[in-house]
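Please model the complete structure; the sequences and the hints are all you need to start from.
Number of protein chains: 2
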Amino acid sequence: MKPLSPTDNLFLMLEKRQQPTHIAGLQLFDFPEGAPANYVSRFAEELREYSQPVAPFNQRLTYRFGRPYWKSDSQFDLEHHFRHVALPKPGRIRELLALISAEHSNQMDRERPLWEAYLIEGLKGRRFALYSKQHHAMMDGVSAMRLGTKMLSTDPNERNMPPVWAFDLKSKSTSKITNKLDATTFAAAARAGIRNNLTAIPHVAKAMRDAWRKSRSDSAYTSIFQAPQCILNDRITGSRRFAAESFSLDRVRAISKAYGATINDVVLAICGSALRAYLLDQNALPDNPLVAAVPVSLREDESIGGNQIVTVLANLGTHTADPAERMQIVRASVLEARERMSSMTQQEIMAYTALMMTPAGMQMLTGLIPKWQAFNVMISNVPGPKEPLYWNGARLRGMYPVSMPLDRLALNITILSYYDQLEFGLTACRRTLPSMQRMLAHLESAIEDLEEAAGLDRAARNEMELVW
Amino acid sequence: MKPLSPTDNLFLMLEKRQQPTHIAGLQLFDFPEGAPANYVSRFAEELREYSQPVAPFNQRLTYRFGRPYWKSDSQFDLEHHFRHVALPKPGRIRELLALISAEHSNQMDRERPLWEAYLIEGLKGRRFALYSKQHHAMMDGVSAMRLGTKMLSTDPNERNMPPVWAFDLKSKSTSKITNKLDATTFAAAARAGIRNNLTAIPHVAKAMRDAWRKSRSDSAYTSIFQAPQCILNDRITGSRRFAAESFSLDRVRAISKAYGATINDVVLAICGSALRAYLLDQNALPDNPLVAAVPVSLREDESIGGNQIVTVLANLGTHTADPAERMQIVRASVLEARERMSSMTQQEIMAYTALMMTPAGMQMLTGLIPKWQAFNVMISNVPGPKEPLYWNGARLRGMYPVSMPLDRLALNITILSYYDQLEFGLTACRRTLPSMQRMLAHLESAIEDLEEAAGLDRAARNEMELVW
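Chains A and B, in that order, give the protein sequences.
Note that the first sequence covers residues 130 to 597 in our numbering.
Note that the second sequence covers residues 130 to 597 in our numbering.
Treat identical chains as interchangeable: a pair holds within one or across any two.
Here are the simulated SDA-like pairs of lysine to any residue, each with C-alpha atoms no more than 20 angstroms apart in a straight line: (1) Lys218 <-> Tyr247; (2) Lys386 <-> Asp586; (3) Lys218 <-> Glu208; (4) Lys218 <-> Asp159; (5) Lys145 <-> Arg239; (6) Lys253 <-> Tyr168; (7) Lys218 <-> Tyr168; (8) Lys253 <-> Ala173; (9) Lys218 <-> Lys253.
Calculated directly from the structure, the hints in this document are not laboratory data.
The model shown is predicted, which means the values in this text are computed figures rather than measured ones.
See the structure below:
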């Protein structure tokens, strides 16, 4: 038996029917060459043979004196966790996204290991999908993505590759990320603080107190707290909408060069543009620009991975209709935040982030600003695999993060790079943000607008149709 | 806005992730003659046209001063409620039951009208299915079954028939059952009493007090409280197993004649036999016979429908290996209970039932018997349509109740008659009762054993394979 960390426990505390705290990944595969029509059924049979999961996939919750622990599930039942399902005809991406939206709305059974995996057949064009769902108390999104990647191979001829629940991490060199104090965790802490005890995370509480003391003598601390009221920050309900799309990395890279911006800046500008279009549709665009919480690297080069990841608040420039102007606003705000942080100690960065992300905590400390909103949306851009990957000969065609909306953060946008693509995963409360899937078309328009404004060749259009 | 009745509210109070309080029906249809291969997709499109539901399907919960009310959902989103899904290959009943088991485990979103309907394609042999799920706070099982039947027609040529959510009850003569004080409700009241306030149902509380007073001067009241401890009465978890099967009504009728018993008696004897076999498999058969709570008619004839339905406790005779002896035990115990009740006033029957069904309530009143179990399992035999029914030309091949296990009542068996079949629906917690689906084979064996013991012609075997 192993006790849960306070951070992991936070995601149990936060969970309720209208706010499940699981995350997931959707992977899209091509059939291996020469595979028969019933390939997926056969593959499902093979996967069922892996009936003995490795840790943490064999661990369930138990409570001792009110505290949660992990223990081995003595009644492990693979049929509950691994499910072979199918799309209705015509098996388009539309049907796939509808299925993922429905499944992602369902809260998991806490009396079992907190994961589910769905092998999905019936996709058009000799493809299949894998939807892998984990509770955030068990694994954070980046770790889950890494694990879902590590089980794959760069070798299309490799076979007998186990599924993720039977994949022995120790057998491969791994650099497991355990950086749980990411943006989602801070945002979650803020939400928990409203109803529970934020000081369940002692170092967050301490950092907040320190930051608050410092902020009284440094006006720059508060100047960024200016997110407008927006439907993005209404309360959420229990049903989800998931939308996903792949865009060409080359295309985004060309834009970044044309504007002298990072890939991350371009991603933010595209998201800002799409959010503006969506909120205009909904007649809900605030006058002031939306603010996004964004993990960025303190290093100057474009690779986001590396040593020092911090979360900053970025101005998304949604008040202007001009895509080039929006790009400059985004770029300047990220640059400013990054420079300010570069001069801070690790301790100061943590305090700063805690203060920035936890309005409820701030309210607790100060008694001020009860409805204050630090930011409107979370946008994470995560580096993924750089080479094409295969699972028992099936080529990974795309992989999309399925994330976790929270009360007052009804939309989460996570972007993942894979080989020559940028994979956008948008997860929202489908009641708070109706027809959120229209954001996909707005993202494509946003890229086209930036290309046009920069005079780029439109022949470099994305290969969406090929992927989808 | 309309307030919920205390009984309806009970099912909201009782609900938690490991104990969802919805019920459902599964209907199996043949394709209409000459229907194309993509019939189900087309049909799904047609059903999506019915985007404006009628009451109660357009009503969602709202709270005023802590009390629940129904109100119209101003943001009704049919896509959330009506889902077109598919079975993976090979599309056998096995795959269908796996899908229903998974979906029935999922708790609904309370911020929307509390129903979902799944049109299921991919069944072998030109068939499709409809799984209709409702919260018990919105509708009880019998009402849901009646409504799901009323939307159908005896005319195979009728077309333009709306789905249940758009079916205007007022346009047809209906005898809507509102008898919510059924066995499930009493059992639910008992469960609620453990954690909440049983007196939320004033007439139950009053009836219990009356019954308790009376029981002190009448030993027959307590003599029936003798259910053994059994795994059927362990706590449940949040995942379900659903199993269903059709048996020939003629075959059961022949057995009832041979033994001079009612159809209901035969059903109970079969269930007792199957429970005995299942519990022997699990090495968990109690020495003393299992006790079932069973709604029966006070009328003598075989048609269970009619005026006076009461719930009695039946001895299932699981302690004996002899099927004929078990049948006599069941028959005698039902007869005795029915006779005793026939001499009671309506008021007395209600008091008697309340006392019988509510161990927690009894404990509250007496401070005695903390772990006392009044009965082990609920078995309901509900009369359904007597003629073949059609939905837009698709013949209803079978319809199966999907019910609601509760803490300490881990299995619910509901049987429905339809035309020439008896439709068994078994719903259980899949952790508390592993491999519960084996009960289906045991049910078939139980029928064969009774036939053999009575010297009946085995040529009258059921047509299971035809149906499934």
